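2 protein chains.
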Amino acid sequence: MDVQAGGRNIAILDNETAGFMGVHSSDRVKITCRNKSAIAIVNVASDFPLNFIGLYEEIQKKLCVEDGESVDVQSAEVPESLRYVQAKIRGERLRENEINTIVKDVVERHLSDVELAALVTALSIHGLSMDEIETLSKAMVKTGSTLNLNKRPILDKHSVGGIPGDKTTILIVPIIAAAGFTIPKSSSRAVTSAAGTADRVEILCPVNLTIGEIKEAVKKTNGCMVWGGALELAPADDIFIQVEYPLAIDPLLLPSIMSKKKAIGATHLVVDIPTGRGAKIKTIGEAQALANDFIDLGKRLGITVQCAVTFGEQPVGKAIGPTLEAREALSTIMGNGPPDLKEKATGLAGLLFEMLGIKDGKQKAERIIKSGDAERKLRDIIAAQGGNPRVKPEDIKVGPEKAEVISDQNGGVLWVNNEDVARVAREAGAPKEKAAGVLLKAKLGEHIKKGGVLFEIYAERNMKLEAALKLAYKLKPVGLSRRPEERMITERIPALIERKKTFILER
Amino acid sequence: MDVQAGGRNIAILDNETAGFMGVHSSDRVKITCRNKSAIAIVNVASDFPLNFIGLYEEIQKKLCVEDGESVDVQSAEVPESLRYVQAKIRGERLRENEINTIVKDVVERHLSDVELAALVTALSIHGLSMDEIETLSKAMVKTGSTLNLNKRPILDKHSVGGIPGDKTTILIVPIIAAAGFTIPKSSSRAVTSAAGTADRVEILCPVNLTIGEIKEAVKKTNGCMVWGGALELAPADDIFIQVEYPLAIDPLLLPSIMSKKKAIGATHLVVDIPTGRGAKIKTIGEAQALANDFIDLGKRLGITVQCAVTFGEQPVGKAIGPTLEAREALSTIMGNGPPDLKEKATGLAGLLFEMLGIKDGKQKAERIIKSGDAERKLRDIIAAQGGNPRVKPEDIKVGPEKAEVISDQNGGVLWVNNEDVARVAREAGAPKEKAAGVLLKAKLGEHIKKGGVLFEIYAERNMKLEAALKLAYKLKPVGLSRRPEERMITERIPALIERKKTFILER
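Chains as they are written, first to last, in my numbering: chain A, 39 to 545; chain B, 39 to 545.
Rather than coming from a laboratory, the hints here were simulated on the basis of the structure.
A few of these clues could be false.
You can't tell identical chains apart in this list, so a pair holds if it fits in one copy or across any two.
[As the list claims (entries may be wrong)] Each computed DSBU-like pair below joins lysine-lysine, with the alpha-carbon atoms no more than 35 Å apart: (1) Lys100 x Lys470; (2) Lys68 x Lys514; (3) Lys257 x Lys180; (4) Lys257 x Lys397; (5) Lys481 x Lys100; (6) Lys380 x Lys502; (7) Lys508 x Lys68; (8) Lys68 x Lys99; (9) Lys408 x Lys258; (10) Lys74 x Lys99; (11) Lys100 x Lys502; (12) Lys68 x Lys100; (13) Lys99 x Lys502; (14) Lys74 x Lys470; (15) Lys435 x Lys68; (16) Lys74 x Lys502; (17) Lys400 x Lys258; (18) Lys320 x Lys253; (19) Lys99 x Lys470; (20) Lys253 x Lys512; (21) Lys180 x Lys479.
All of these numbers come straight from a predicted model, not from anything done at the bench.
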């Protein structure tokens with residue numbers, strides 16, 4: 039039919055034809071053409087030609103069948119894993135072989151979207167035991183590609199995300215690699231945020247390396263910063279995300295993250311858990327519970343894990359949006375840049391050093407920046423991945439459209455709303471329009487005068503700039519207050535505020 | 039694109055085009071063409087032409103847009119009801135306006151299959167309160183067609199199903215109508231069974247009447263027996279079924295049934311709950327709980343409900359399959375036929391009479407059959423719906439292919455497995471090949487000799503007959519035993535028996 043079904047194996051039968059076969063919508067058929075056969079999920083349509091079967095591109099290519107060719111179509115059993123999906127709906131614990139069967143059927147696209155949605159909904163409601171999480175993580179590794187560097191230790195870091203402007207990876211990888219350790223970092227692109235690490239790094243060099251190219255780059259420089267999306271590290275996860283995203287549920291957070299770490303061979307991992315109002319994790323109690331799960335799952339997978347609860351109440355650094363962030367990261371590794379970014383990066387890198395038995399890890403990380411070793415290593419990595427190693431911060435062009443958001447009062451910054459900052463940056467065009475974004479001019483605790491600039495908005499197109507500016511004045515992502523004794527009421531809310539669905543999907 | 043999406047409003051965008059719009063798979067877009075606009079759910083494809091949007095037939099027709107015409111496409115908000123689906127996943131109770139919004143969005147196809155699957159899964163796990171069930175039932179009535187006969191009382195009967203050969207409706211409707219009461223009965227076709235009531239009645243006369251035609255038929259004869267599927271009585275339910283069926287869950291049983299009864303204006307309803315091993319409902323306790331729910335919901339909807347727990351351990355009568363069953367029903371109303379069928383039909387009709395204050399209802403129903411009034415009324419109804427009122431049982435042709443299943447021992451019938459009987463009848467071609475099916479020659483407690491006929495299989499095609507015969511000897515749907523003191527072991531099970539998924543969907 040010359041139409042793709044988003045990876046799904048779907049075939050169309052006419053109502054009448056399906057009726058005579060005893061096949062309903064969502065049933066399976068086995069289609070055989072010459073010596074090849076494949077299972078497809080049936081959509082029943084009316085007004086489709088009798089005794090014809092319509093094949094979407096995926097199943098047509100799998101069968102190598104030509105338009106108009108005769109195929110044999112027979113009703114087929116439902117996949118075994120559907121029984122286990124039903125068991126999970128009933129709240130039963132899944133056994134190892136059952137989880138393995140589910141993951142295999144997911145990767146081979148034998149489960150429909152309806153069945154996958156039921157599974158993630160049931161997992162979200164009933165939860166998973168740590169045994170199930172372990173088995174699921176291992177199954178997701180087994181059904182995907184892996185990176186074998188034949189080295190130990192392999193270091194890695196991960197952030198559970200949710201904080202705009204978090205470009206610490208661009209500092210941590212060079213610091214670790216400069217110290218002689220191996221850190222093959224794979225990252226995601228933004229789904230719901232203003233920039234993912236892969237989007238940021240791509241400003242400096244290509245990120246879509248193959249497994250072979252990663253091996254070569256790491257051989258040269260000890261580290262890399264690549265996009266994980268095309269590496270097929272845990273392909274089941276990419277399929278789960280397709281149904282989790284519209285439902286705004288994320289029951290597979292742990293196996294999703296940890297399977298990808300296992301697949302690249304990580305032996306030591308630091309997990310950054312940004313915590314606070316406006317972060318995914320609101321309280322230290324939640325952060326500790328999540329940390330425990332990461333550490334426990336790490337043990338089961340043979341990965342030494344330590345977690346860091348980090349301050350998550352405002353963006354990291356001042357720049358939000360791929361290009362603005364790449365420029366800020368480069369400045370910071372060169373010794374300038376905002377202090378909180380440097381603090382966070384050296385703190386996390388220091389934790390990794392200390393996990394390997396090195397004392398005073400943070401000081402070591404700071405020395406590696408100060409000596410210029412981190413900058414040189416970053417430039418080596420940029421060169422190894424095919425970028426320009428001599429790039430200067432001022433070469434990295436942002437905008438060109440630009441506007442300032444002005445304060446209408448004196449006051450100290452009381453909040454910088456993570457979600458609203460990200461929304462303004464997205465409205466300006468980020469992450470697809472890479473030079474768009476937000477540059478904060480004031481952060482928590484800083485003082486600003488009436489008429490002063492709260493933040494700047496950058497955009498590639500004037501229309502988007504205008505839209506972002508309008509949204510910025512509506513949302514007021516940066517809130518000021520006078521001293522409490524001067525004014526206790528910081529904002530009036532005269533009527534119901536309509537909120538968009540908030541769901542941050544970063545993996 | 040000249041392809042139907044099964045009623046769904048789906049549009050296709052290329053990966054690149056979607057990226058620039060900030061739209062992901064499963065997001066919504068608002069498509070505007072001249073003065074019409076509609077919301078569609080996006081599927082993102084690769085290799086699709088840039089800056090083009092692919093429209094499936096449903097959305098293309100809604101917009102009246104021509105191939106190649108320019109349309110305006112904008113990212114649109116998710117429907118409000120998605121928030122309530124998410125609330126139900128979290129286990130929250132839904133309020134009246136929230137349920138109304140969900141049902142409206144379901145009927146207008148604003149929710150994707152993934153979202154619908156998540157909803158029915160969450161409903162299946164968390165259950166519904168009776169308040170939620172009531173609101174949902176009313177919302178399903180409000181969003182569909184209704185039948186207004188301007189009469190009281192309006193009688194109705196319903197079976198929760200699961201028992202092959204249950205053709206009691208074909209007797210009950212004429213009995214009630216012959217007594218002067220109004221009974222506009224709508225029924226379903228088989229989904230997973232060997233015959234639905236609409237399939238059975240269709241052997242005698244057309245069943246796909248419009249609301250207008252129903253009114254006319256009922257005016258003439260007091261009753262009708264029509265297919266409810268095209269009447270749009272509770273269209274939300276038909277959409278829910280599409281996702282419930284592959285998951286084999288049925289959380290909306292009560293609102294599904296009762297909304298349709300309310301839509302045809304029923305004031306008095308008897309619900310048949312077949313109970314026993316091999317039935318949907320296994321124990322009297324379960325049957326009583328379900329009965330309570332029906333009665334409670336009836337009160338809330340203004341319908342007087344009584345329930346009957348009926349013997350459900352074997353098929354009703356001896357015939358299974360549309361044609362065989364129509365012939366048996368006709369024989370029985372003419373005074374012949376199997377005694378259990380007559381017993382059940384007069385018992386249920388009698389209950390309806392007694393609900394209206396008539397004493398000795400069952401005896402009244404028996405008299406109506408004996409006098410020939412029921413038969414005359416059935417023939418009037420057949421005529422009013424466009425069938426041949428002079429049809430004789432022997433005119434109704436079954437087969438023509440026929441085979442006998444022979445007993446290899448002497449013994450009394452210990453079980454007649456409902457599910458296996460239905461599977462054999464389906465393998466023979468029922469319900470689509472109408473003259474196919476099973477005719478039992480022995481029922482529970484009857485004695486059969488070695489070499490005697492257990493049941494006959496009918497089919498339209500020899501290939502199907504052979505397949506059904508093979509399945510029959512494998513499944514052994516009729517089990518015999520000698521007296522216990524002769525042989526206590528009735529069957530050896532030497533290895534694991536593979537079972538197909540069992541899920542009976544009858545509405």
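Structure-based check of all given hints:
1. Lys100 x Lys470: both (32 Å within a copy, 31 Å between copies)
2. Lys68 x Lys514: between (57 Å within a copy, 27 Å between copies)
3. Lys257 x Lys180: within (25 Å within a copy, 68 Å between copies)
4. Lys257 x Lys397: Cα proximity of Lys257 and Lys397: one copy only (27 Å, versus 94 Å across).
5. Lys481 x Lys100: neither (54 Å within a copy, 50 Å between copies)
6. Lys380 x Lys502: within (31 Å within a copy, 75 Å between copies)
7. Lys508 x Lys68: Close across copies (21 Å), not inside one copy (55 Å); limit 35 Å.
8. Lys68 x Lys99: For Lys68 and Lys99, both the intra-copy (15 Å) and inter-copy (32 Å) Cα distances are at most 35 Å.
9. Lys408 x Lys258: Within one copy only: 23 Å inside, 97 Å across.
10. Lys74 x Lys99: Within one copy only: 11 Å inside, 37 Å across.
11. Lys100 x Lys502: between (42 Å within a copy, 31 Å between copies)
12. Lys68 x Lys100: Both: 13 Å inside a chain and 34 Å across chains, each within 35 Å.
13. Lys99 x Lys502: between (40 Å within a copy, 32 Å between copies)
14. Lys74 x Lys470: between (41 Å within a copy, 30 Å between copies)
15. Lys435 x Lys68: Intra 54 Å, inter 34 Å, cutoff 35 Å: inter-copy only.
16. Lys74 x Lys502: between (51 Å within a copy, 26 Å between copies)
17. Lys400 x Lys258: Classified as within: same-chain Cα gap 25 Å, cross-chain 92 Å, threshold 35 Å.
18. Lys320 x Lys253: For Lys320 and Lys253, the Cα distance exceeds 35 Å both inside one copy (38 Å) and across copies (61 Å).
19. Lys99 x Lys470: Intra 31 Å, inter 32 Å, cutoff 35 Å: intra and inter.
20. Lys253 x Lys512: So Lys253 and Lys512 fail the 35 Å test inside a copy (48 Å) and across (57 Å) alike.
21. Lys180 x Lys479: This pair counts as neither: shortest intra-copy Cα distance 47 Å, inter-copy 55 Å.
Hints 5, 18, 20 and 21, counting from the list given before, are not met by this structure.
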